[in-house]
Amino acid sequence: MTDTTKPPGAPPYRVAASVWQSIPHPSERLIYGLVGIVAVLAVWEAVSQTEVVKSVLISRPTAIITAAIQEFSTGAIWPNLQATLSVWALGFTLAAILGIGIGLLSGIFRTFRYIADPWLNAINVAPDLAFVPILILWFGIGLKFKIVLVLLTGTFYVAINTLAGVRSAEGRFLQVAESLGASQIRVLRTVVLPGSVPYVMTGLRQGAARSIIAVIVAEFVSSNQGIGFMISVAGSFLDTATVMFGIALLAILGFLVSEILGRIEHRFDAWRPQLP
Amino acid sequence: MAALRRGNRIANVAAPIGPLDRFGRWFGGNRQRILPLLSFALVALAWEVSADIGLLNQAFFASPTAIVIAGVRDVQTQLFWGDVRASASEFIVGYGIAVFAGLVFGFTMGWFRRFGYFFRPWIDALNATPSLALMPLVLIWFGLGASSKVAIVFITTFVPVVVNIYTGARTVDQKFLRVAAGFGASRTFLLRSVVVPSIAPFGFAAARLGVGRAVSGVVVGEFFSAQAGLAYRLFQDAQLLQTARLLFGALTITFLALGAFRFVSFAESRTLRWRVTASGMSRLARNA
Amino acid sequence: MHSLAINDVVMEYERPRTHERVLAIDHLSLTIENSSFVSVVGPSGCGKSTLLFIIDGLVRPTVGSVTIDGRQITSPGRDRAMVFQEASLFPWYTTLRNCAYGLECQGVSRKDAETRSRPLLEMVGLAGFEHHYPHELSIGMQQRANLARALAVDPDVLLMDEPFAALDAQTRELMQAELLGIWAHAKKTVVFITHQIDEAIYLSDRVIVMSARPGRIIDDIPVELERPRSLDIKRTPSFTALEERIWHRLASEVKHGGEMERADRGVASAP
Numbered sequence: 008m009t010d011t012t013k014p015p016g017a018p019p020y021r022v023a024a025s026v027w028q029s030i031p032h033p034s035e036r037l038i039y040g041l042v043g044i045v046a047v048l049a050v051w052e053a054v055s056q057t058e059v060v061k062s063v064l065i066s067r068p069t070a071i072i073t074a075a076i077q078e079f080s081t082g083a084i085w086p087n088l089q090a091t092l093s094v095w096a097l098g099f100t101l102a103a104i105l106g107i108g109i110g111l112l113s114g115i116f117r118t119f120r121y122i123a124d125p126w127l128n129a130i131n132v133a134p135d136l137a138f139v140p141i142l143i144l145w146f147g148i149g150l151k152f153k154i155v156l157v158l159l160t161g162t163f164y165v166a167i168n169t170l171a172g173v174r175s176a177e178g179r180f181l182q183v184a185e186s187l188g189a190s191q192i193r194v195l196r197t198v199v200l201p202g203s204v205p206y207v208m209t210g211l212r213q214g215a216a217r218s219i220i221a222v223i224v225a226e227f228v229s230s231n232q233g234i235g236f237m238i239s240v241a242g243s244f245l246d247t248a249t250v251m252f253g254i255a256l257l258a259i260l261g262f263l264v265s266e267i268l269g270r271i272e273h274r275f276d277a278w279r280p281q282l283p
Numbered sequence: 039m040a041a042l043r044r045g046n047r048i049a050n051v052a053a054p055i056g057p058l059d060r061f062g063r064w065f066g067g068n069r070q071r072i073l074p075l076l077s078f079a080l081v082a083l084a085w086e087v088s089a090d091i092g093l094l095n096q097a098f099f100a101s102p103t104a105i106v107i108a109g110v111r112d113v114q115t116q117l118f119w120g121d122v123r124a125s126a127s128e129f130i131v132g133y134g135i136a137v138f139a140g141l142v143f144g145f146t147m148g149w150f151r152r153f154g155y156f157f158r159p160w161i162d163a164l165n166a167t168p169s170l171a172l173m174p175l176v177l178i179w180f181g182l183g184a185s186s187k188v189a190i191v192f193i194t195t196f197v198p199v200v201v202n203i204y205t206g207a208r209t210v211d212q213k214f215l216r217v218a219a220g221f222g223a224s225r226t227f228l229l230r231s232v233v234v235p236s237i238a239p240f241g242f243a244a245a246r247l248g249v250g251r252a253v254s255g256v257v258v259g260e261f262f263s264a265q266a267g268l269a270y271r272l273f274q275d276a277q278l279l280q281t282a283r284l285l286f287g288a289l290t291i292t293f294l295a296l297g298a299f300r301f302v303s304f305a306e307s308r309t310l311r312w313r314v315t316a317s318g319m320s321r322l323a324r325n326a
Numbered sequence: 021m022h023s024l025a026i027n028d029v030v031m032e033y034e035r036p037r038t039h040e041r042v043l044a045i046d047h048l049s050l051t052i053e054n055s056s057f058v059s060v061v062g063p064s065g066c067g068k069s070t071l072l073f074i075i076d077g078l079v080r081p082t083v084g085s086v087t088i089d090g091r092q093i094t095s096p097g098r099d100r101a102m103v104f105q106e107a108s109l110f111p112w113y114t115t116l117r118n119c120a121y122g123l124e125c126q127g128v129s130r131k132d133a134e135t136r137s138r139p140l141l142e143m144v145g146l147a148g149f150e151h152h153y154p155h156e157l158s159i160g161m162q163q164r165a166n167l168a169r170a171l172a173v174d175p176d177v178l179l180m181d182e183p184f185a186a187l188d189a190q191t192r193e194l195m196q197a198e199l200l201g202i203w204a205h206a207k208k209t210v211v212f213i214t215h216q217i218d219e220a221i222y223l224s225d226r227v228i229v230m231s232a233r234p235g236r237i238i239d240d241i242p243v244e245l246e247r248p249r250s251l252d253i254k255r256t257p258s259f260t261a262l263e264e265r266i267w268h269r270l271a272s273e274v275k276h277g278g279e280m281e282r283a284d285r286g287v288a289s290a291p
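Residue numbers (this note's numbering), protein chains in the order written: chain X, 8 to 283; chain W, 39 to 326; chain V, 21 to 291.
Listed below are several chain X residues computed to face chain W (Cβ distance under 10 Å; list not exhaustive):
hint, residue
1, L64
2, R120
3, W126
4, A133
5, W145
6, A241
Rather than coming from a laboratory, the hints here were simulated on the basis of the structure. Positions of the beta carbon are idealized from the N, C-alpha and C atoms, including for glycine.
Hey, can you work out the whole structure from these sequences and the hints?
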């Protein structure tokens, strides 16, 4: 990956000023990012305080923080958080197992792939919410319905990436193993599976993030607890501050999940074949 | 894995060819296309039969024939077309503005480094937020009318497009920039002749991605507040246990979404005639 | 008489991640006469390409200058054109438009630029391929188009950075012969970088040998073989004698350069 604004010689060179921009200082990204955050927050606060935009519409950073503090100090947040996270954890674990299974089978057995692939694609194209009416019809409102929704979203990402991982076993590795006399099972175990691990990690990361969204969707539609429920209720009371707090919480949650799984994923980066 | 099994096929070449053999060969050759259709057909058949013999409750699992009947009936009603119009207009307006604005904004973020750094935390945060969670906010801002739906479609589409183009704008191949600089290209000419064509494929990829997101936005928007619309009808049908209509509605949405997707792909193939596609490998064989 | 002079150039830069300072070129001076063909050989990473970038004006040296006829070079100009190692034809332009690119950069209208580029495409043997896209051409053909593009702006100085490195052995030899043919026609000053000693000797009037990083000139060998030269000349005794001489000069430098490259791997390495 190269920065388009870097000089046209190899990256570290100084350049004739007429040709290109300056070389970026490494900490620029952090500084400008922080400035961006602070600036937007400041403008937000100002606009809200002076009622340039009606504060009920956009709330303000200070109000959101107050709401957050209240939620945490009264402990009201914890049961909601726990409800959301436990459903997610359970659902996603199942999705991971199912997804890896489908992915492996699809990768190893071509016939299976030809059958499973279109179904997986069809499910992925449709937005989560579209499944909701049908699922409620079939599973009623409750835990089962939420788990199924999570399954539908999460399984796809895990499966598709696992599949890519299995198929990434390059022909030449397989040829080497075969010429050395390895049996098919051994090839599977020693060449295909290890090679697919990085891809599986990517799938888990993507699936995890999307599953959280699925839980929220389920909670919006049918629940009496969870973060989604909290946001939905606050919305109906025009409690913009709590809505924003909920959104922020979700953003942080999503970010944490992505980061943690991303770190684990990166540890496997050394295994990936070098891209040209 | 196929590589391992390829060795077994060679033995068949010498065998005599009879009609059954030919069928088997045709089937094997076209497996990729046939199997999915076959599995769909089998599932539909099983579904149909189970519904008819009462194994599946028709109220919950409408049989395929019931879906078709409901569909044929629906298509002749004004209500259906009113729904199509409503959803389509939400989609087109929201998607159109979002893609255009997203491409411009994302490109600016990518090309002007500091601008990118400035907005990146907010874009990343928005990207991580499910659009559903934003809906209460959107309702507060835009009320219950059509504009709230266009707004959510916009937001749902805008952010992924920006993220996509941002990445693309930052990875213009250095060797092309060097060539342009070597010939003394001015900044604007460089943008026109190198940067924009380089990024165009990413732009279309982002637009394709946006279709799915926009559809999702329509569904979310109509879930909360609507009087008409395909997704709205979906939720209504669910409540009224009109399962056949519901499933037909779902199929319609999928069909239209696919249509939009194909349209973007078509636009890309017309605009970017220079692209080498996986299947369209041209007279490249001579490569050393 | 025009001449290209590299005046005591030093090039130092900072590695992006580790921030260690690297000396790429260490006090290099060289004068190249007008219309002469000069090759530069040296181990990998010795700064050959960097030198070319400096001459082209893409990079400003830390110390020292490059002058043409006494005029200092500070940025790319009409009198110089570079043929890069990778063909780097724009995939979104046809071959003809690619060749016309340099002229378009100078403000020539697209139509005129393309008209002026046509004969050049013919000269490099690509007549009939004007409206093909680069991905439809083989690597050898892409490099020819690359050359045509550089020639189209009619520069005084042609800078070539291992242009034939990606070609197979036979195509490479043929391209060398063709290049000499074109050069005899056009009489430009050429600075040619290569790893192949036989290529350097075959093509040039002079072979400059560079040391491993930090790059310095360790030898400057005139090639007194007569022109025009056919490919057979590569098997004559005077040719092989030169080859051997240069190879011995280079051998220890290559070993040293190899060690440095191993140390560099994993971090962005200099060209």
